[in-house]
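S.K.: Sequence:
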Amino acid sequence: MSEPTEAAQPIEHRGNCHCGAFKFTFKAPELKQASACNCSICSRNGYLWVFPVSNEDYVVVKGDEDSTLKSYEFGKRSMTHKFCPTCGTSVMARMHNGQSVGINMRALLDADFALPVVTSNLALRDPPYQAPAPMDVGPVPEGSTTYQGHCHCGAVAYTLHSPHALVKTRECNCSICSRDGALWTYPNETDIVFRGLDALTEYTFATGSTYHGFCKICGVAIRERFTQPGRTDMALNVRTMTGVDLSTLALEKFDGKAKVPAYTV
Numbered sequence: 012m013s014e015p016t017e018a019a020q021p022i023e024h025r026g027n028c029h030c031g032a033f034k035f036t037f038k039a040p041e042l043k044q045a046s047a048c049n050c051s052i053c054s055r056n057g058y059l060w061v062f063p064v065s066n067e068d069y070v071v072v073k074g075d076e077d078s079t080l081k082s083y084e085f086g087k088r089s090m091t092h093k094f095c096p097t098c099g100t101s102v103m104a105r106m107h108n109g110q111s112v113g114i115n116m117r118a119l120l121d122a123d124f125a126l127p128v129v130t131s132n133l134a135l136r137d138p139p140y141q142a143p144a145p146m147d148v149g150p151v152p153e154g155s156t157t158y159q160g161h162c163h164c165g166a167v168a169y170t171l172h173s174p175h176a177l178v179k180t181r182e183c184n185c186s187i188c189s190r191d192g193a194l195w196t197y198p199n200e201t202d203i204v205f206r207g208l209d210a211l212t213e214y215t216f217a218t219g220s221t222y223h224g225f226c227k228i229c230g231v232a233i234r235e236r237f238t239q240p241g242r243t244d245m246a247l248n249v250r251t252m253t254g255v256d257l258s259t260l261a262l263e264k265f266d267g268k269a270k271v272p273a274y275t276v
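Count along the sequence shown from 1, then add 11; that gives the number in the numbering used here.
Just so you know, the hints here were simulated from the structure itself, not pulled from any lab data. Take the hints with a grain of salt, since some may be wrong.
Pairs of lysine-lysine, DSSO-like flavour, derived with a Cα cap of 27 Å [as the list claims (entries may be wrong)]:
hint, residue 1, residue 2
1, K268, K73
2, K268, K179
3, K73, K227
4, K34, K268
5, K179, K264
6, K38, K73
7, K43, K264
8, K34, K73
9, K34, K81
10, K227, K87
11, K227, K34
12, K270, K34
13, K81, K38
14, K268, K43
15, K179, K270
16, K268, K227
17, K227, K81
Now the in silico label distances, taken between C-beta atoms and shown as ranges [claimed, not checked]:
hint, residue 1, residue 2, range
18, S82, Y274, 24 to 32 Å
19, T91, D137, 12 to 20 Å
20, F265, E200, 17 to 25 Å
21, Q20, S220, 39 to 47 Å
22, S155, F62, 39 to 47 Å
Every residue gets a Cβ at the ideal spot worked out from N, C-alpha and C, and that includes glycine.
Make the full structure from the sequences, and use the hints.
M.R.: Dropping the structure here:
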């Protein structure tokens, strides 16, 4: 007769939004996988979900879930998504049914992006997501490919008239890009037309040469604006583009984490 298997002991994990206004810990057994979802909000934020053992094992150590973080709901409003209104980090979600908590693994200090990811197909759940109307930007320049994009709530939208079809995207492992879950493309600034920039919050840190823009209503990362002399490009988050199949794009990995100064919070 085999010996009973000893229950896995919970491990304490620490996390925070990028600017450090909100910090938390939670206990869970060793993380063996993360959960993803192809729904309209999870796919835009690149969420990787992990879950505490219980609500009591999730502890806020700095800030307040309701006043430090901003809340966003949609559809049936069965879940409240929480993000930092200063830096845009999507930290967590609280499910109304039982008040259970889901943690965005991207906000963890010990996040392991090599973990296997199990994806749930919830994109067609009722009620279906109603995307905002596309922008009307007039005639398409000859020889260009047009891409429309927007945040989840639709307050910020853009049109890209690209001289080249999109064939690749870049994933950066730096402290802010990994939290945003963004996949970037770098068109010329003059090829992009925006709508609703008054709803865009910008956040910068370290050298102050890159401004990360996210929607102040739903928290979705939209763009990066660069201030280095001579740069004419802008980064757009491909996750926010309508009708783009990410699986068809080549993925370029960029080691932004190795750049100095090192991230501290």
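S.K.: Work down the list of hints and note, for each, if the structure agrees.
M.R.: For each hint, the structure was consulted:
1. K268 to K73: 25 Å, holds
2. K268 to K179: Judged against 27 Å, a Cα distance of about 21 Å means the pair holds.
3. K73 to K227: Holds, at about 21 Å.
4. K34 to K268: 21 Å, holds
5. K179 to K264: Status holds; Cα separation ~11 Å.
6. K38 to K73: Holds, because 17 Å separates the two Cα atoms, which is no more than 27 Å.
7. K43 to K264: Holds, because 23 Å separates the two Cα atoms, which is no more than 27 Å.
8. K34 to K73: 5 Å, holds
9. K34 to K81: 14 Å, holds
10. K227 to K87: The hint holds at about 21 Å.
11. K227 to K34: 20 Å, holds
12. K270 to K34: 24 Å, holds
13. K81 to K38: Holds - the C-alpha atoms of K38 and K81 are around 24 Å apart, at most 27 Å.
14. K268 to K43: Given pair K268, K43 holds - Cα atoms ~23 Å apart, limit 27 Å.
15. K179 to K270: 23 Å, holds
16. K268 to K227: At roughly 26 Å apart (the allowed maximum being 27 Å), K227 and K268 satisfy the hint.
17. K227 to K81: Holds. K227 to K81 sits at ~9 Å (cutoff 27 Å).
18. S82 to Y274: 24 to 32 Å: For S82 and Y274 the Cβ distance comes to about 26 Å; the hint holds.
19. T91 to D137: 12 to 20 Å: 19 Å, holds
20. F265 to E200: 17 to 25 Å: Check passed, 20 Å falls within 17 to 25 Å.
21. Q20 to S220: 39 to 47 Å: Since Q20 and S220 have Cβ atoms about 44 Å apart, the given range 39 to 47 Å holds.
22. S155 to F62: 39 to 47 Å: 44 Å, holds
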